[in-house]
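**Q** Quick mapping for you: the protein sequence lines, in order, are chains D and E.
So for the first sequence, the numbering used here puts the first residue at 13; every next one is plus one.
So for the second sequence, the numbering used here puts the first residue at 13; every next one is plus one.
Treat the hints with caution; some may be incorrect.
A pair counts as met if it fits within one copy or between any two copies, since identical chains are not told apart.
Stated by the list, open to error - Calculated cross-link-like contacts (lysine to any residue; reagent style SDA-like; alpha-carbon spacing at most 25 angstroms):
1) Lys172 with Ser43
2) Lys172 with Val192
3) Lys172 with Pro233
4) Lys172 with Met230
5) Lys172 with His141
6) Lys172 with Ile410
7) Lys172 with Asp333
8) Lys172 with Ala259
Keep in mind that the hints were calculated from the coordinates and are not lab data.
Protein chains: 2
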Amino acid sequence: MAIDTGRTFLGALGEALPDMRLLTDPADTESYRWDETEYLQPGRPLGVAFPRSTDEVAALVRLAARHRTPLVPRGAGSGLSGGAVAVEGALTVVLTEMAAILEIDRQNLVAVVQPGIINAALGRAVAEHGLFYPPDPASFEICTIGGNLAENSGGLRCVKYGVTGDFVLGLEVVLADGAVIRTGGKSLKDVAGYDLTQLFVGSEGTLGIITEATLRLMPAPPPKLTLLAFFADVPAAGDAVGRIFDAGVVPVTLELMDGFTVRAVDDWHQLGLDRTAGAMLMIESDAGGAAAERELDAAAQACEAAGATSLVRAADATEADWLRQARRAAHGALERAGVARMDDVGVPRSRIPEMLAAIERISAAHGLPVGVFGHAGDGNLHPTFVVDREDPTAEARINTARSAIYDAAIALGGTITGEHGTGVAKRAYLERQRGSDAVRVMRAIKHALDPDGLLNPGKVL
Amino acid sequence: MAIDTGRTFLGALGEALPDMRLLTDPADTESYRWDETEYLQPGRPLGVAFPRSTDEVAALVRLAARHRTPLVPRGAGSGLSGGAVAVEGALTVVLTEMAAILEIDRQNLVAVVQPGIINAALGRAVAEHGLFYPPDPASFEICTIGGNLAENSGGLRCVKYGVTGDFVLGLEVVLADGAVIRTGGKSLKDVAGYDLTQLFVGSEGTLGIITEATLRLMPAPPPKLTLLAFFADVPAAGDAVGRIFDAGVVPVTLELMDGFTVRAVDDWHQLGLDRTAGAMLMIESDAGGAAAERELDAAAQACEAAGATSLVRAADATEADWLRQARRAAHGALERAGVARMDDVGVPRSRIPEMLAAIERISAAHGLPVGVFGHAGDGNLHPTFVVDREDPTAEARINTARSAIYDAAIALGGTITGEHGTGVAKRAYLERQRGSDAVRVMRAIKHALDPDGLLNPGKVL
């Protein structure tokens, strides 16, 4: 089976889809090689295509299949596992020109969207109808729904509402041979055949290219109330997380930052946070009115029982929003201190204190300063190593340390990736968590759907 | 490839697992041939096995693979699509002796269970810890969690909380070759590799046999408030459903019964329902206290705007529970009038009035009395034909009518099965809904995971 030289394919593509934007000059394609994993070395793409319709995607895929040219689907490139980085000799397919909201259906509480729509743009559009799309990755102002679907992204509100996949009712997908299928629709319950929707969600474009999604919405919840709790050390904050849930409270947001991160964020944004604290929790309720007050009261009591050194309620919605933005900026704040390599592990919530202790132990053992923040409410932590840009030994030490951190997460019944995806960054560790038989099943499914391995090769598996 | 005669396999099975209960006498196996689809003619099983551990299931599957003997996994046999009916010459594997609750983990809000546990037994056990497992099929007092997982069952609370699959964090599955995998665990967020959990959920034992499940729980909600609304006709009730959601209310339960069903239920249970009504809605809120009152007030206003003829609030929890039981007994009530063939279609909620009109039109055209009830809140309806036991033409007319009903549901953007599954009953219609390319993908997955077609053959696909 001869591999096409690429030039023939590009020629045929230009002929078949003359109106589609297609970049082939390396100067033009360079910025589409990378995502937010700057430590990964992507390949050089054959070109970068910007299809504008499902028909164009299908035509492109059929042509690529005929020429055996691999394809890399891509959204905004804000991913953190290398799911969208370029593959040598592959055509990168950027979905950002398919960014329409096709429908906001208030009666059925669904939105039908193209993959290129920005998460925040969808949120604003549905808010105008009094509706709410919960999944909100920290990158929500720049990331696309297509990328969220590809990675099954999480965010700050997952602890109460769930992750991206929990809000997907159906997809339109272009398969590896160019056929177009629909996996579901606006029906809330639909059990006809196998659940293909959730199989494509989180598969990082390795099983098909998502060209449309039917998303479940909710009526907009009441405004949030926000509580900050400061602690002398990280274990006390971890203890508080358990006590909050023991009290029967499921907050909409329950975020943790260690002292290192608190100071980095405060340096940047001058929020007046307690810079002497060893850890901070941000706890929010959208239960509304008196119920929200009760939730935050119960959370405050739980924090005090865990030894909180101070508790601060946001004075108003603006202040709360400012604090939330600061949390979302945690990674950026740490980056000001050097190279900040953010990781993404998850454990059952009750194991958070052990996971935090393991991170501290491992970082110390490798002499790597670490900032830890994350979605403590759902056990998803982002240990972030901060190293000097010029340190030639950093990369190797980070790799040893992160391997140890994955082992620790797995030993605690957790995961090597809570919300960033497997991509290129973690495929070597997948079997360690899932086991060889489960990975064999994944490979069998990949082979069944993409026998020639043309869809985003080298990602996930 | 020679097919084993069966006797050799049974001998080897008895030798390998001498302590496992194994029925082979047709008098003993007869009751395990059927589920609740009495109109389907099941095959005669080779035998019926009752493994007591994952190891026994794995040993059994390995042996069956070696002898090319097909297997039919089974729970309580309360299914309504023939997913668990016996297959000629296959070994039926009953999971009811694996019925332990292995763990109720309050801190992580999860339960770890074996597949044979009865849904209601799990509900009661977690309630003792102040917790809540939402999915509640009408058969919840007799159906197993394993069966719920196999069919991705729904129930009365799905409109607010979701279906079985929404509460599954991880599974232990015995694959077709006897290998045992785990697809997830107690982590709320886990995106390592493909989502195998949701692929096995709803696959009716055709891809693997589920031997353990990690289920997500919730803190128990406040007691429910219950409202009944009666209407002159079905379209008015359908209109009310839309108005309730327009008002921003998401009730925990929103059930519909047409007048035919109301009278059948009242005949049986003497509830004092309005027997002159053309339709009834049962609306419940578990929002708690004043919030629940507000939800029901808003729902009551919506019903009045849609022309409700009367509104009744349940006087207390006992009365509400009684009404709920009556709703669950709708199928049984209709059965008292003859053969009651319950179906299960779903449409986007806004299309309910059109679906109800289509059901009425189709039933009239085929001279088939029909009672309609179902989960109006999520668009899932159970049109139930009631025919004379002795009518020799009924079967053919039902088959023509149900085909027309599926066409109508599909034309409205809906599904041939909202919560009962594809099984044997609907496999012929699967492609009509999903399309040939999507079914081709399902077949490819089935072949990848069960190349010899030994797991529940003839079901789903």
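**Q** Compare the structure with each hint and give your call.
**A** Hint check results:
{"no.": "1", "hint": "Lys172 with Ser43", "verdict": "neither (36 angstroms within a copy, 44 angstroms between copies)"}
{"no.": "2", "hint": "Lys172 with Val192", "verdict": "neither (34 angstroms within a copy, 32 angstroms between copies)"}
{"no.": "3", "hint": "Lys172 with Pro233", "verdict": "both (12 angstroms within a copy, 14 angstroms between copies)"}
{"no.": "4", "hint": "Lys172 with Met230", "verdict": "both (13 angstroms within a copy, 10 angstroms between copies)"}
{"no.": "5", "hint": "Lys172 with His141", "verdict": "both (22 angstroms within a copy, 20 angstroms between copies)"}
{"no.": "6", "hint": "Lys172 with Ile410", "verdict": "neither (33 angstroms within a copy, 44 angstroms between copies)"}
{"no.": "7", "hint": "Lys172 with Asp333", "verdict": "within (18 angstroms within a copy, 28 angstroms between copies)"}
{"no.": "8", "hint": "Lys172 with Ala259", "verdict": "both (15 angstroms within a copy, 23 angstroms between copies)"}
The structure does not agree with the numbered hints 1, 2, 6 stated previously, though it agrees with the rest.
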